[in-house]
Amino acid sequence: MDPQSLNSVDEDLVAAYVDGDVSTEERQRVEAAMAASEQVAWEVNTLRQTVELLQDLPSVPLPRSFALTEDQVADVLQERRALAKVNVSLPGNVETAPESPWQRFLNFLNGGDLALRNAAALAAVLLLLVFAAEFQIQQSQLGPAAGGEQLSSAPAEPQSQVTAIGGSVAEQTGSSSDEQGTSEQVAAAENPQENADDDPVIGVMSTSEEDQQTTDAEQAPAVAALPETGSASADSSQQQLSPTETADPAAQPFVSILRYARILLVLAVIVLWLLSRTRSRSRRA
Amino acid sequence: MDQDKLIERSLQGDLEAFNQLVIEYQGLGYGVAYRLLDDPDSAADALQDSFIKAYRALDNYRGGNFKSWLMRIVVNTCYDHLRSRQRKRTESLDDLPVEEEYVAQLTDRSESPHEYAERRELQELIASAITSLPEVLRTAIVLRDVEGYAYEEIAEITSAAVGTVKSRINRARGRVRDYLSKNAELLPSVYRHSLK
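Chains A and L supply the protein sequences, listed in that same order.
Counting from 1 along the first sequence, just add 2 to a position and that's the residue number in this note's numbering.
Counting from 1 along the second sequence, just add 3 to a position and that's the residue number in this note's numbering.
Mixed in with the good hints there might be a few duds.
Label pairs and their computed distance ranges (CB to CB) [as the list claims (entries may be wrong)]:
hint	chain 1	residue 1	chain 2	residue 2	range
1	L	LYS56	A	LEU116	44 to 54 Å
2	L	GLU138	A	SER25	29 to 39 Å
3	A	SER25	L	GLN89	26 to 36 Å
4	A	ALA38	L	ASP5	48 to 58 Å
5	L	LYS185	A	ASP23	24 to 34 Å
6	L	GLY67	A	PRO103	45 to 55 Å
No lab work stands behind these hints, which were simulated from the structure alone.
Values in this document were obtained by computation on a predicted structure and should not be read as measured data.
We put the CB at the ideal spot given by N, CA and C, even for glycine.
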């Protein structure tokens, strides 16, 4: 190693040699160079002596403690303490008791986007109102028939009374009942003998039996007065007297509207609820 | 307590935990700051600033050698103080280091006044030699030869390659030697002739 050619690589090696931090091969290289050149030997030796002088410097005693006070780092300290509190109060850090099925159900109902959930609830309430309105209309239409049923289950009465009641029912049930009453009269006119032979009491009894048979079809009592020979016309009368068919023509459009409203509201409840859950889930994500 | 635990607690706002780290490293930090700045008051100020900076920057500590991370802050803070001092070259006599305190701390009562004076002159000469070095060389030689850090630690503290660190150390030693050889009469007789 020529002292004139001490480049940065050699500097590394000399420093490491002085510190005794070289491999056997590196040490041999440096010592060979020192043996070959007095200048290199002087360089290495004087550096080693310099290091000894530097290492002899006394350690410096501490003048005081450098422990920090709260005032010196007040802002950061408050931030970190606040952050630590938040982290402690995070749900993930707190062990919660397992929820009961009822609580899970309530959570499920309460979950989702609030606005959409409220819209779904409103649609559900409207749906209930539609059901109530439909029920009310059906009740008002079926009211007279229900009266007939009550009559049919009542004790046997004289035929004159039954006829009178049947007539009153026919009047209340509108045009179809009027036709029915007419057909009854026609049938009676066509079979005068048969009617004359019938015992009035038996006639009443047969009327009751016929009523019971036609209860499901919610027939008016007047149908019961029909003879067996007129069964075909009685059947057609039964078909005509189904609940929907007996609705007041003025109420028909209203019933249709309610039916559509019911379908729309059911769809609205389902769609709004699903949207509410979806939006809530996407927000959490 | 485990150092990582102390750091974790410090991050949660436990100042006492951080002060345990301060107590552990304040001696090392003060030694480096004192040798780099060559002034006890400046060294104390720089070290105090360093610990405050370290506490504030603790979020940025990503594990590894905490001592090296902390000493890098100390070294950089000392650089800041050096530059600040250079700007204030108009220092008055009141700003000069109070040598009496230092002298009192380093007095060996068994030595004669003559020996004591010679030792003090030698220490001052070596300190002057270190102070005469550029910042990077000064840091390298102080960390290695005065404070005894490993090459790898110095590389980490100064953000330099190990080869660069060795090179800087060698150059710094050479300059200190040259500085001392110009004042060989102050050196112990063992070194007086060999360094010339």
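Does the structure break any of the earlier hints, and which numbers would those be? The structure breaks only hint 3.
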